[in-house]
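Colleague: Required output: the full structure, derived from the provided sequences and hints.
Chain residues, written in single-letter form:
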Amino acid sequence: MSEPVLEVQGLSTHFFTRQGEIPAVRDVSFSLQPGEVLGLVGESGSGKSVTGFSLLGLVDAPGRIVAGSVKLDGQELVGLAEPELRALRGRDISMIFQDPIATLNPMLSIGDQMRMALLAHEKRSLQEANKKCVDLLRRVGITEPEAGLRAYPHEYSGGMRQRVAIAIALLHNPSVIIADEPTTALDVSIQAQILNEMRELVRETGTALIWISHDLAVVASLADRIAVMYRGEIIETGPTFDVLRAPKQEYTANLLAALPANTEPGQLLAQGGVVRSVLNVPEMPAPPENDHFLSVSGANRVFFPSISLGEKIAGLMGAGSGRRSTHAVKNVTLRVARGETLGLVGESGSGKSTLGRLMAGILAPTSGQVLLDDAPVMQEGKKATLRIQTIFQDPFASLNPRMKVGRAVSEGALAHNLLSPSEASAYVKSWFEKVGLEPEWAERYPHQFSGGQRQRVAIARALAMQPEVLICDEPVASLDVSIQAQIINLFLELQRSLGLTMVFISHDLSVVRHVSDRVAVMYLGEIVELGPAEEIYKAPKHDYTMRLLNAVPVLDLKVD
Amino acid sequence: MSDRNTPLRVFWAEFRENKMAVFALIVVVVMMFLALFASVVSPHDPYDLASLSLLDSRRPPGFVGTGGYTHILGTDPQGRDLLSAILYGLRISIQIGLAAGFVSLTIGTSLGILAAYVGGRVEALIMRLVDLQLSFPAILLALVIVALLGQGKAQLIGALVAAQYAYFARTAYGAAKAERGKDYIEAAVATPLPTRLVVLRHLLPNCMPPLIVVATVQIANSISLEATLSFLGLGLPVTEPSLGMLISNGFPYMMSGRYWISVYPGIALIILIVSINVVGDQIRDQLNPRLRK
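Quick note, the sequences are listed as chains Y and U, same order. Each number in this note's numbering comes from the position in the first sequence (counting from 1) with 241 added on. Each number in this note's numbering comes from the position in the second sequence (counting from 1) with 9 added on.
Bear in mind the hints are in silico, worked out from the structure with no lab data behind them. Treat the hints with care, as some may be off.
[Unchecked claim] Computed Cβ-Cβ distance ranges for the label pairs, DEER-style:
id: 1; chain 1: U; residue 1: I35; chain 2: Y; residue 2: G251; range: 45 to 53 Å
id: 2; chain 1: Y; residue 1: L299; chain 2: U; residue 2: E23; range: 21 to 29 Å
id: 3; chain 1: U; residue 1: Q164; chain 2: Y; residue 2: S661; range: 46 to 54 Å
id: 4; chain 1: Y; residue 1: L349; chain 2: U; residue 2: M29; range: 35 to 43 Å
id: 5; chain 1: Y; residue 1: T384; chain 2: U; residue 2: M217; range: 45 to 53 Å
id: 6; chain 1: U; residue 1: E23; chain 2: Y; residue 2: R648; range: 24 to 32 Å
id: 7; chain 1: U; residue 1: T204; chain 2: Y; residue 2: S538; range: 27 to 35 Å
[To be verified] Here are the computed lysine to aspartate or glutamate pairs in the DMTMM-like style, where the Cα-Cα straight-line distance is at most 25 Å:
id: 8; chain 1: Y; residue 1: K645; chain 2: Y; residue 2: E664
id: 9; chain 1: Y; residue 1: K624; chain 2: U; residue 2: E188
id: 10; chain 1: Y; residue 1: K624; chain 2: U; residue 2: E195
id: 11; chain 1: U; residue 1: K186; chain 2: Y; residue 2: D635
id: 12; chain 1: Y; residue 1: K645; chain 2: Y; residue 2: E674
These figures come from a predicted structure and were not determined experimentally. Ideal placement from N, C-alpha and C gives every residue a C-beta, glycine not left out.
Modeller: Rendered as structure tokens:
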């Protein structure tokens, strides 16, 4: 075995806050060989990102490295003065961040930013610098790299921007690159491309890579070794295959079992941690009656740009504003039977959320109709039914931060006289119990809850209106896997016990497959494929569905 | 997190860390109390004409008057005890500042939120009007209105409101426009809740933080604007002397060495306005997530 490029011993980083000292990273040790890929996996708050920042000496106050050593090519980094660290950063050790939009300076062209990064550590003529930049852009898969140098970040998509960030990280052939969730913000198909390219680049350059991610499947497809972090500690580490095949720690096993792809569709997911058993789950759902309960016929939705007075005048004088209208939903016809769960998948920008909003009565279709039991869902620009309720993606944004959660749950029912004020408190408590929350939590504010608990509150709020249809717009996308499993289970249980009809919107194919009876695939505003969930996954007919399915990194544990 | 960690408690714990702001808050509270109970705490009643003697006029601090009482801060041209006059003046200034502040808060916020929520032509109309007014100096507008309406408390408050509601409207509009796009508003609309509830229970409470900051600053501004108008003789009638008028009364005697008649009310005014602003700054820092630790 050769000398490790990076050796971390007993690294501990603590945060000194008002609430006291928080040990974000505790006694972390690992080493990295040249050309090796280490996957650092953990849920949010496990300390994986702080570990990455600590290696680079980028931990901001109130955080501080309190113990341990980080040796890069034999040189100690902990305790090194800032100017010396700065000389190393970007040259010997570099970083790729999660958000490619925030990483690049919008005011500078890509060429400017790359040249600045290059010339910070090397003396080169402008021509040589340009040549090197073009070379790297080509290697990370940017077509027409010469034009790319003159382009500004906003001209590039998220995936392209992340490629540029990768090119910048590779400029000096660093011995170590730390990538912090670099593909989390990207669509699956783009993620797949970038993973492929990273594999190539690591092989070509011999750079060691630390890939930080919450997504086990992504890490598994790239890493030689995996380190699992939990509460600031590395609880398990070993070759990727061994960790996935025979996890030694219960937590790792739970993490694996919580992935929907590893469980038969419709079955409750295994979940780590403690969860109250919520409801008596009836054996099987009633077979869906073959009526068209919720129907969308020929619906279109076009978003027109809002044009200011200035632009109108400019337009009259012959200068077009260049803003075009977006046809988000194109001629969609769809029927959802009573008691059925329809999955709606597609990448961002496919129009799936807009379609969900049309069905939820939040947006009116530009043309076409959305009917529930043959009555339009929206009338005169207002939602005309209480029978459809919505669950939103981000439980941090969908609850009013200044309203007690109990009131948020009872408010709608009170406003529509489904409930008298004297019954409100008992009503809220009963719903809290049904979604697995402590009834006395009704007096709390949203900020006192975790993400998973907030999503339960949001579910209670929707169900308190006693709906028949639930539109769920990416309800688990912003949650950790183990929490995601709990919430998906809750949906499955509630649907069975309440006989709900659900439209489940998600970009995550494995989640949709797990909960849905039928799946509709959306692409550029149109439904390109619609059919029973199993059929679509086993035998996709449309090109786009195939591409989508192939792009998903899957943990294949059934190899022998 | 414990149940007792209410947002208000956390806010106060953070506020306490800035000693300067706590001191300023104490000053503001003390001055408000003094003003509120001016008739009890002040040694003389400046409105009681019978107790005034012209022999006592324009006397320096520490002078023992005909009533046998020591005038700690001296007397003004009418022979009134200056300390008492300042306390009564403070009362009028604070009264007007608060009244003008709250009326403009109410009007401005309603207009701003209406514009942001309804949108379209209503939005364009209200906001262009506000823009127009913000491009116009507040003092000039107040002068014109006072000149048109004449003197009196109500007229003065009207003028101050007209000059200041635009700041609240702008702030409320900006905050409401940002909150309007958030999921929790969409969730409320999707329930569907009646518009009245969406606005009052969801939109308004979440627009309050920036408005509270503007309100503290604008109350201080109303007080100084009122003082300016009174100094120019356009504020309140002589029978109700505010701080600005006291300063103005003493102004002719400045050059003859009788500084105290103008200077002490001036100092009281400065302390009040600076204290309100220090408190306002601290609140702003705490409510601004970018400046949070």
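Colleague: So does Q164/U sit 46 to 54 Å from S661/Y, Cβ to Cβ?
Modeller: 49 Å Cβ-Cβ, so the 46 to 54 Å window holds.
Colleague: Hint says 21 to 29 Å; check whether the CB-CB distance for L299/Y and E23/U agrees.
Modeller: holds, 27 Å
Colleague: Given the hinted pair K624/Y and E195/U, is their alpha-carbon gap at most 25 Å?
Modeller: With a Cα-Cα distance of about 12 Å, the restraint between K624/Y and E195/U holds, given a limit of 25 Å.
Colleague: Between the beta carbons of L349/Y and M29/U, is the distance compatible with 35 to 43 Å?
Modeller: holds, 40 Å
Colleague: Keeping to a limit of 25 Å between CA atoms, is the pair of K645/Y and E674/Y held or broken?
Modeller: Roughly 17 Å separates the two Cα atoms, so the pair holds.
Colleague: 24 to 32 Å was suggested as the range; check whether the CB atoms of E23/U and R648/Y agree with it.
Modeller: holds, 26 Å
Colleague: Hint says 45 to 53 Å; check whether the CB-CB distance for T384/Y and M217/U agrees.
Modeller: Given about 51 Å between the Cβ atoms, the range holds.
Colleague: Are the Cα positions of K624/Y and E188/U separated by 25 Å at most?
Modeller: holds, 21 Å
Colleague: Assess, step by step, whether the Cα of K186/U is no farther than 25 Å from the Cα of D635/Y, and give holds or violated.
Modeller: Status holds; Cα separation ~20 Å.
Colleague: For the pair supplied as a hint, K645/Y and E664/Y, confirm whether the alpha-carbon distance does not exceed 25 Å.
Modeller: It holds: about 17 Å lies between the C-alpha atoms, which stays within 25 Å.
Colleague: Tell me if the beta carbons of I35/U and G251/Y are separated by a distance inside 45 to 53 Å.
Modeller: With Cβ atoms ~49 Å apart, the hint holds.
Colleague: Would you say the C-beta atoms of T204/U and S538/Y sit inside 27 to 35 Å of each other?
Modeller: holds, 29 Å
Hint compliance for this structure: every hint is met.
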